[in-house]
Amino acid sequence: MLPLKSDEIQVFLKGLKLNFSLDFTEYSEASVHRRLSRVCEQLECDDLEELTQRLESDTNLLIEFLDQFTVNVTEMFRDPFFFQKLLPFLELEVKKDYCIWYPGCASGEEILSLAILLHRVKKLNYCKFTGTDLNEKVLERATKKWVKRRHIADYQRAFSQVTGDFDLLQYFEDDHSQELRLKKFVELKADYEVHDLVSLYWEKGPFDLIVCRNVLIYFNKELQDKVFSFLIDKLKIGGVIAFGSRESVFFCKSYNQLEVLDRDARIFRKIG
Amino acid sequence: MLEYLEKLVNKIVIGASAGGIAAIRTILSGLTVLNSCSLIIVLHRMKNVESQLHELFQRFTTIPILEVSDKMKLEMGKIYIAPANYHLLFEKEGSFCLEADYRVNHSRPSIDVSFESAALAFGSSVCGILLSGANEDGAHGLKRIANHGGSIVVQEPSEAEFSKMPLSGLKENPDGTIMTLNEIINYIQFIQ
Chain F
1 MLPLKSDEIQ
11 VFLKGLKLNF
21 SLDFTEYSEA
31 SVHRRLSRVC
41 EQLECDDLEE
51 LTQRLESDTN
61 LLIEFLDQFT
71 VNVTEMFRDP
81 FFFQKLLPFL
91 ELEVKKDYCI
101 WYPGCASGEE
111 ILSLAILLHR
121 VKKLNYCKFT
131 GTDLNEKVLE
141 RATKKWVKRR
151 HIADYQRAFS
161 QVTGDFDLLQ
171 YFEDDHSQEL
181 RLKKFVELKA
191 DYEVHDLVSL
201 YWEKGPFDLI
211 VCRNVLIYFN
221 KELQDKVFSF
231 LIDKLKIGGV
241 IAFGSRESVF
251 FCKSYNQLEV
261 LDRDARIFRK
271 IG
Chain Y
273 MLEYLEKLVN
283 KIVIGASAGG
293 IAAIRTILSG
303 LTVLNSCSLI
313 IVLHRMKNVE
323 SQLHELFQRF
333 TTIPILEVSD
343 KMKLEMGKIY
353 IAPANYHLLF
363 EKEGSFCLEA
373 DYRVNHSRPS
383 IDVSFESAAL
393 AFGSSVCGIL
403 LSGANEDGAH
413 GLKRIANHGG
423 SIVVQEPSEA
433 EFSKMPLSGL
443 KENPDGTIMT
453 LNEIINYIQF
463 IQ
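Those sequence lines, one after another, are chains F and Y.
When the count follows our numbering, it moves up by one through the first sequence with no breaks and lands on 272 for the last residue.
When the count follows our numbering, it moves up by one through the second sequence with no breaks and lands on 464 for the last residue.
Read the hints as simulated data drawn from the structure, not as lab findings.
Check the hints yourself; a few may be wrong.
Unchecked claim - Calculated pairs, DSS-like style, for lysine-lysine (alpha carbon to alpha carbon, straight line, at most 25 angstroms): (1) Lys148/F / Lys204/F; (2) Lys364/Y / Lys221/F; (3) Lys221/F / Lys96/F; (4) Lys5/F / Lys415/Y; (5) Lys221/F / Lys128/F; (6) Lys14/F / Lys364/Y; (7) Lys144/F / Lys204/F; (8) Lys234/F / Lys123/F; (9) Lys236/F / Lys85/F; (10) Lys184/F / Lys128/F; (11) Lys5/F / Lys221/F; (12) Lys221/F / Lys189/F; (13) Lys95/F / Lys137/F; (14) Lys204/F / Lys236/F; (15) Lys144/F / Lys122/F; (16) Lys123/F / Lys189/F; (17) Lys5/F / Lys364/Y; (18) Lys5/F / Lys345/Y; (19) Lys17/F / Lys364/Y; (20) Lys415/Y / Lys443/Y; (21) Lys96/F / Lys128/F; (22) Lys144/F / Lys184/F; (23) Lys204/F / Lys226/F; (24) Lys128/F / Lys204/F; (25) Lys189/F / Lys144/F; (26) Lys364/Y / Lys253/F; (27) Lys189/F / Lys128/F; (28) Lys364/Y / Lys226/F; (29) Lys345/Y / Lys253/F; (30) Lys345/Y / Lys221/F; (31) Lys415/Y / Lys221/F; (32) Lys148/F / Lys137/F; (33) Lys226/F / Lys14/F; (34) Lys95/F / Lys14/F; (35) Lys128/F / Lys5/F; (36) Lys226/F / Lys345/Y.
Required output: the full structure, derived from the provided sequences and hints.
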């Protein structure tokens with residue numbers, strides 16, 4: 001890992017904010033440090049100064065930088081117990097025009113996971129998903145409703161943990177390529193758009209369900225608090241919101257607007 | 273031993289993989305106090321298994337064991353376990369930070385990631401200990417700890433259930449101190 005200095009990182013992040021309106025200044029420092037040194041290595045830059053110069057001289061590099069710097073790792077049915085806990089609430093509550101927001105959805109595997117589960121309980125046709133992410137490259141992939149063949153065995157295992165059914169492939173077209181596409185009979189209505197949570201602004205909403213798992217962890221505590229409040233604002237009263245299983249949301253300011261539905265799975269309902 | 277004292281180690285990060293649960297159990301059973309340091313355990317474990325590793329380990333010691341949540345503060349006198357399926361990093365001001373990023377060395381949590389982050393955040397107040405394992409995660413991270421002035425310890429390979437991890441740790445860090453589990457227990461007690 002390329003060693004970077006704290007003050008150099010701050011200068012770099014301020015430059016990004018100023019020149020490209022990308023604000024990572026309130027991201028978690030430890031994580032930014034690790035990922036910036038990785039990007040420097042991948043883009044073959046000796047230091048952040050060189051990276052800055054290259055970003056300024058080559059505007060196409062910005063998309064590449066964002067793709068490598070942001071965390072785009074996602075998988076189907078991550079934490080099967082989360083889906084197990086969430087599903088009973090959805091079975092009871094989903095009705096016509098049920099709006100679901102997936103901020104930080106990356107390439108959309110979680111949306112596909114939830115869509116398949118909702119399809120199985122015959123609730124999917126009531127639902128409309130919106131997936132957002134900062135990284136347009138991953139969103140483009142999300143619109144294709146693809147999963148990678150090489151991960152399918154892992155996904156099947158997780159799927160069977162959630163449902164007791166091992167046959168995940170029944171929901172995917174298999175044309176023997178590297179990608180498997182969600183079958184048409186799973187009628188997933190989803191829009192995808194670029195959105196930066198840090199802006200604390202979005203014209204859409206409010207939503208019935210917001211699933212924001214393992215997104216806030218990349219922010220420092222102050223920013224976590226602000227984005228948390230923003231998400232709660234975008235949730236209907238009575239709506240449900242979920243976070244990652246090891247996220248510390250209990251200390252956020254707007255936490256008192258929520259009641260706990262499942263503490264371990266970090267599922268809450270907005271009550272006020 | 274005295275040289276370690278001078279460094280004022282107060283954060284011990286233990287990395288382990290295959291054979292690690294038994295080794296950590298032995299260490300925990302031997303510890304009586306942990307007043308002036310925090311012990312952080314990064315163990316390769318199954319993902320998507322709701323495992324209660326911290327509860328299992330708690331049976332072997334009265335020192336409080338916590339599974340880490342994002343932004344949790346590190347406190348003296350406590351033992352922390354890295355949660356499954358996240359990388360565990362450290363912020364300079366003394367809190368944890370979790371990442372759901374790519375696996376490193378096929379692992380999440382990766383020992384290298386935690387060692388490197390501990391080195392950057394805490395410098396000479398860190399001691400990295402590498403135990404039994406059947407892969408090479410952690411060797412590189414130990415080097416980072418040493419480069420930042422921290423102390424490094426590797427489990428005596430002949431004693432480890434799987435020697436590959438300690439051996440690769442020593443290969444990259446020939447100056448690393450070799451200790452048996454009993455010596456590691458004494459060392460942790462000694463730096464109190």
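Lysine 345/Y paired with lysine 221/F [C-alpha distance capped at 25 angstroms]: holds (12 angstroms)
Pair hint lysine 204/F and lysine 236/F, alpha-carbon separation not exceeding 25 angstroms: holds (12 angstroms)
Proposed proximity, lysine 204/F with lysine 144/F (alpha carbon, max 25 angstroms): Holds, because 23 angstroms separates the two Cα atoms, which is no more than 25 angstroms.
Restraint status (C-alpha distance of lysine 221/F to lysine 96/F at most 25 angstroms): Cα-Cα ~37 angstroms, so violated.
Given hint lysine 204/F paired with lysine 128/F - CA-CA distance at most 25 angstroms: holds (13 angstroms)
Satisfaction of hint between lysine 443/Y and lysine 415/Y, Cα-Cα up to 25 angstroms: Given that 25 angstroms is the threshold and the Cα spacing comes to 10 angstroms, the pair holds.
25 angstroms limit on alpha-carbon distance, applied to hinted pair lysine 148/F and lysine 137/F: Distance ~16 angstroms between lysine 148/F and lysine 137/F Cα, so the pair holds.
Holds or violated: lysine 96/F to lysine 128/F, with C-alpha atoms at most 25 angstroms apart: holds (10 angstroms)
Agreement of lysine 364/Y and lysine 253/F with the hint, judged by alpha carbon distance not exceeding 25 angstroms: The given pair, whose Cα atoms are some 24 angstroms apart, holds under the 25 angstroms limit.
Given hint lysine 345/Y paired with lysine 5/F - CA-CA distance at most 25 angstroms: The given pair, whose Cα atoms are some 23 angstroms apart, holds under the 25 angstroms limit.
Distance restraint between lysine 123/F and lysine 189/F, which requires alpha-carbon spacing of 25 angstroms or less: Status holds; Cα separation ~12 angstroms.
Restraint check for lysine 221/F with lysine 189/F, where alpha carbons must lie at most 25 angstroms apart: At roughly 34 angstroms apart (the allowed maximum being 25 angstroms), lysine 189/F and lysine 221/F break the hint.
Checked against the numbered hints above, the structure breaks hints 1, 3, 5, 12, 13, 31, 34 and 35 and satisfies the rest.
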